[in-house]
Amino acid sequence: MIDVTDDAPVTDEPDTQALDDLLDDIYRAQERVTQAEIYRRAVAAELPPDLLARVDALPEGEYSVDEASDLLGGSIG
2 MIDVTDDAPV TDEPDTQALD DLLDDIYRAQ ERVTQAEIYR RAVAAELPPD
52 LLARVDALPE GEYSVDEASD LLGGSIG
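Position in the sequence shown counted from 1, then plus 1, gives you my numbering.
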């Protein structure tokens, strides 16, 4: 009998590495960043549409890296 299982995990979650990289870059020299700046940088970085939609859905205001990562589903903080 042949085992037909994949070695790669199957998840419905999008790859958030691009989001983590973006947040790392944005927060390198700043403690808090506005939603508008995060969105502007996400568009410039050509984030995938699903991640861009998450950034767009953030309420206006300033966020620390921990807050932004938590709200956007990233893994840094």
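Don't read these hints as lab results, they were simulated from the structure.
Glycine residues also receive a C-beta, built at the ideal position from the N, C-alpha and C atoms.
Check each hint, because a few of them may be wrong.
[What the hints assert, rightly or not] Derived Cβ-Cβ restraints for the label pairs, each shown as a range:
(1) G74 / E38: 17 to 23 Å
(2) D16 / R42: 26 to 32 Å
(3) D67 / Q18: 17 to 23 Å
(4) P50 / A30: 25 to 31 Å
Outcome of the hint check:
no.: 1; hint: G74 / E38: 17 to 23 Å; result: 19 Å, holds
no.: 2; hint: D16 / R42: 26 to 32 Å; result: 18 Å, violated
no.: 3; hint: D67 / Q18: 17 to 23 Å; result: 18 Å, holds
no.: 4; hint: P50 / A30: 25 to 31 Å; result: 28 Å, holds
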